[in-house]
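Visitor: Could you put together the complete structure from these sequences and hints?
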Amino acid sequence: NLAETIRSITENFFLEYQGQTIHNTISLGVATMIPHKADKMEFLISRADKALYQSKTRGRNKVTQNS
56 NLAETIRSIT ENFFLEYQGQ TIHNTISLGV ATMIPHKADK MEFLISRADK ALYQSKTRGR
116 NKVTQNS
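Just so we're aligned: the sequence shown equals residues 56 to 122 in the numbering used here.
A couple of the hints might just be wrong.
[Claimed, not checked] Below, a list of computed lysine-lysine pairs in the DSS-like style, where the Cα atoms sit at most 27 Å apart: (1) K117 / K95; (2) K95 / K111; (3) K95 / K105; (4) K105 / K117.
These are computed hints drawn from the structure, not numbers from a lab.
Guide: Right, here's the structure in full:
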């Protein structure tokens, strides 16, 4: 939910620069650490990275969760 909120805020935030409106979007990859699985940090980061690339592949400006 937090990642989707951040994505939505970014999408709806506009910058004015030298008379032009700049629109922004972001793609996010989220991975959940499950305590009983004792994920190593490297594995968690790898899963988040894969989720990020899935978001980009799906058309960008997306949130993908890899649990």
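Visitor: It remains to establish, for every hint, whether it holds in the given structure.
Guide: These are the hints, each one checked on the structure:
1. K117 / K95: Satisfied, since the Cα-Cα distance of roughly 26 Å is no more than 27 Å.
2. K95 / K111: Status holds; Cα separation ~25 Å.
3. K95 / K105: Satisfied, since the Cα-Cα distance of roughly 16 Å is no more than 27 Å.
4. K105 / K117: OK: K105 and K117 at ~13 Å, within 27 Å.
Consistency note: the structure conflicts with none of the earlier hints.
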